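Assemble the whole structure, with the sequences as input and the hints as a guide.
Take the sequence shown: its letter number 11 is residue 11 in this note's numbering, and every next letter is one higher.
Please note that a few of the clues may not be correct.
Quick list of the computed label-pair ranges, beta carbon to beta carbon [as the list claims (entries may be wrong)]: (1) THR69 / PHE90: 27 to 33 Å; (2) THR48 / ALA85: 25 to 31 Å; (3) LEU13 / ALA35: 30 to 36 Å; (4) VAL24 / LEU99: 30 to 36 Å.
Since the hints were made in silico from the structure, they are not lab data. A quick note: this is a predicted structure, and the numbers were derived from the prediction, not measured. Beta carbons are placed, not taken as given, at the ideal position from N, Cα and C, and that holds for glycine.
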Amino acid sequence: MHSTPHDEESGRLRLSRVVRWGVVAILTLLAAAVAAIAVAFPSVAATTCPGCFGMEEVEPGIYTGPDATAEQSRTLVGQVAEARARVEEFYGDRQSASLVSVLR
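See the structure below:
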């Protein structure tokens with residue numbers, strides 16, 4: 001028995017539907033995994049969006065909790081600058097940027 005153009009088109013539509021639902025299922029699972037990580041490990045989620053967790057950027061790449069005083073923020077910025085200088089002194093130029101977040 002020979003297949004007709006209608007049968008071939010119907011088969012392609014079925015495959016297209018299966019692929020579409022597969023993509024939807026994978027994206028749904030990915031979104032659920034991200035949400036589960038954000039709930040189970042908020043500190044991990046805060047590294048991707050510190051502002052979403054109420055943290056304030058005091059210098060590029062340095063975040064503190066909203067209740068940090070100006071003095072605490074200045075102290076933190078100085079400590080991070082000193083730490084970065086020590087790392088660069090030992091290893092040479094950094095190849096990536098660091099993100100520092102501190103909550104009390």
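Status of the hints after comparison with the structure:
| no. | hint | verdict |
| --- | --- | --- |
| 1 | THR69 / PHE90: 27 to 33 Å | 31 Å, holds |
| 2 | THR48 / ALA85: 25 to 31 Å | 27 Å, holds |
| 3 | LEU13 / ALA35: 30 to 36 Å | 33 Å, holds |
| 4 | VAL24 / LEU99: 30 to 36 Å | 33 Å, holds |
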